[in-house]
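Given only the sequences and the hints, what does the whole structure look like? Please build it.
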Amino acid sequence: QFLANVIKEAKKCRQSTGQKRNDFLQLLLDSETDLDKNDKNKSKDDVLTEAQVVAQSILFLIAGFETSSTLLTFTCYELAINQVIQVKLREEICSVLERYNGKCSYEAMQEMPLLDMVLMETLRMHPPVAQLERVSTQDYMVPDSNLLLKKGMTVQIPVIGLHYDPEYYPDPYKFDPNRFSPEEKAKRSHYVFLPFGTGPRNCIGLRFALMSTKRGMVHLLKDFSIDLSNQMTVPYEYSKHSMLLKAKDGIRLSFNKLST
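Take the sequence shown: its position 114, counted from the start at 1, is 114 in full-length UniProt numbering, and no numbers get skipped.
Any given hint could turn out to be false.
Said to hold, decoys possible - Mimicking SDA-like on lysine to any residue, the simulated pairs with C-alpha atoms at most 25 Å apart in a straight line are:
1) LYS12 / THR73
2) LYS103 / LEU210
3) LYS185 / ASP171
4) LYS103 / SER212
5) LYS257 / LEU97
Everything labelled a hint here was simulated from the structure, so no lab data went into it.
Listed below in structure tokens is the structure:
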């Protein structure tokens, strides 16, 4: 209710003052206005209501922040185990930041390919969700089989199963960011990597989660080394009480300030 009230108040303020901002809420408000002005023939179901604007805003926050925190946690966990990769990634980050006068800008992060590969490999091994659900929009015969997906049928897609299938990812339990080099990605279908889903129904917080996680990793690795805490049990167990894949007892790490 708190978030709903904040969003409603922000909407009311912007509409009364004519103020516009470059953010997600403004996109929803502009969409609502455009439908009202330009789509007179559309039914009420096609127009964004205030409740839908609030719901989409809250969903964006949850999808973005929850996936960000999960991805950041598991990336630190894997780097704590794989110290050689951690050192290489820190060298890349420091080298790029030096060229950008220490500023972690969008342009700077675009010049960190190893950071991209590390995050993608983390998402392969620790996807936010174990499976996806989709509804068939029409009858579809699966190629090379007798399986018919009827219109309206719910299909469950095993994300974990795909991500750990040795046919697509040899030695799948090994943390290997090179799997996501341009050359390696070109060898396999993009449908076997589904941490955020794909198509028009993919995770609404995808880009927000990736960008915020990148910034977090840049600031962490340039100043700290990451190690496993003595209280961390490896391997960990997944929690059975969370919508997202999380460690049952949390991830316990040790951060040590680097000498300058």
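What are the numbers of the hints the structure violates, in ascending order? 1
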